[in-house]
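Chain order of the listed sequences is A and B.
Numbering of the first sequence is given in the numbering used here, commencing with residue 1 and proceeding in unit increments.
Numbering of the second sequence is given in the numbering used here, commencing with residue 1 and proceeding in unit increments.
Don't take each hint at face value.
To be verified - Residues on chain A that point at chain B, a partial pick, calculated with CB under 10 angstroms: (1) Asn43; (2) Met47; (3) Glu48; (4) Gly49; (5) Ile50; (6) Leu109; (7) Asp110; (8) Met111; (9) Pro112; (10) Glu116; (11) Phe117; (12) Glu119; (13) Met123; (14) Gly125.
Please keep in mind that the hints were generated in silico from the structure rather than gathered at the bench.
Where is the CB? At the ideal position from N, CA and C, for every residue including glycine.
Spelled out, the chains give:
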Amino acid sequence: MTTLEAVQNEVKTVKKDEKIKKICFILSKSSMDSAYAAMVMANGARMEGIEADMFFTFFGLDAITKKKMTDLHQPTVGNPSFPFPAMIGGLPGMEALVTSQMKKEMERLDMPPVDEFMEMISMSGGKIYACKLAMDMFKLKKEDMVDYLDGVLTIGDFYARAAGDGTHIIFI
Amino acid sequence: MEATIAGINVKVNEEGYLTEFSQWNEDIAKEISVQEEIGELTEKHWTVLKYLQNQFENEIPLTIRKVGKSGVTDIKEFYALFPGGPLKKATKIAGIPKPVGCI
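For reference, chain A alone in the conformation it holds in the complex (with noise of 0.2 angstroms):
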């Protein structure tokens, strides 16, 4: 059985040269699991000492537009996690009372909401990408993206900024 403890041991016995030194993170999706996992993992790595980027496209550029990133919502259909029948996730209010269930139980394990999260992440040294194809096709500007936005990159300045060993990408 593998356990914490022999987890830990395996780590330290990674050499020093094939420590991660960037993660780039691509942001699909808004549901409140998938945009809380990009920014826990990317908090994370710069609070490990890893360069982060997170790259947001389609409906991942919510996470990141003012007026939608503080309302993102937890869908309760087609999950097959969640501990009731489908049909009844699907009821009107639903949504609404899972979502400020989780932002809840959130706020007591001391997660930030979304907009401070991400400005953490700014501010801790992460960089913030949106995607220019996605861009164009919701009609939105830059005025419409959080102030610390680094920039809007095609998916080939994404991979340029993501070449060099030691990065890793992570599609979420």
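Given chain A, put chain B in place with the hints provided.
For chain B alone, kept in the frame of chain A given last:
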């Protein structure tokens, strides 16, 4: 485990964090700071370190968010003071346990 830091015998864990805060002193902090590639500790570093120790003594779990809201420093400055993992390095220098949280 035992280690000799700044000529003093101290108890540390396998990652080099002091396990008994009472053994900490400023010379130990200076030596760990060099080991962690932070270099010379400025007045601002000491202010932040004292704040972290204070939180530890009051048994308040440390997170980047709390440090950022402390009024002692902000997140940007905290990262600039302790580059390459501020909470991890600052707690080590301060002689207190490494925070276990993910945020």
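Structure-based check of each hint:
Restraint check, A/Asn43 versus chain B: the minimum CB separation of about 7 angstroms is within 10 angstroms; hint holds. Contact between A/Met47 and chain B, as hinted, is supported at the beta carbon level, the nearest pair being about 6 angstroms apart and thus within 10 angstroms. At its closest, the beta carbon of A/Glu48 sits 5 angstroms from a beta carbon of chain B; the interface hint therefore holds under the 10 angstroms criterion. For A/Gly49, the suggested interface contact is upheld, since its CB lies about 4 angstroms from the closest CB of chain B, less than 10 angstroms.
A hinted interface residue such as A/Ile50 counts as satisfied when its beta carbon comes closer than 10 angstroms to some beta carbon of chain B; here the least separation is about 8 angstroms, so the hint holds. The closest approach between the C-beta of A/Leu109 and any C-beta of chain B is roughly 8 angstroms, which is under the 10 angstroms cut-off, so the hint is satisfied. The closest approach between the C-beta of A/Asp110 and any C-beta of chain B is roughly 6 angstroms, which is under the 10 angstroms cut-off, so the hint is satisfied. Interface restraint check for A/Met111: the shortest CB-CB distance to chain B comes to about 6 angstroms, inside 10 angstroms, so the restraint holds.
Satisfaction of the interface hint for A/Pro112 is found here, the shortest Cβ-Cβ separation to chain B being roughly 6 angstroms, below the 10 angstroms cut-off. Proximity of A/Glu116 to chain B holds as hinted, the smallest CB-CB distance being about 8 angstroms (cut-off 10 angstroms). For the restraint placing A/Phe117 at the interface with chain B, the shortest Cβ-Cβ distance is roughly 8 angstroms, inside the 10 angstroms limit, so the hint holds. A hinted interface residue such as A/Glu119 counts as satisfied when its beta carbon comes closer than 10 angstroms to some beta carbon of chain B; here the least separation is about 9 angstroms, so the hint holds.
Taking 10 angstroms as the C-beta cut-off, the interface hint given for A/Met123 holds, the closest approach to chain B being about 4 angstroms. Interface restraint check for A/Gly125: the shortest CB-CB distance to chain B comes to about 6 angstroms, inside 10 angstroms, so the restraint holds.
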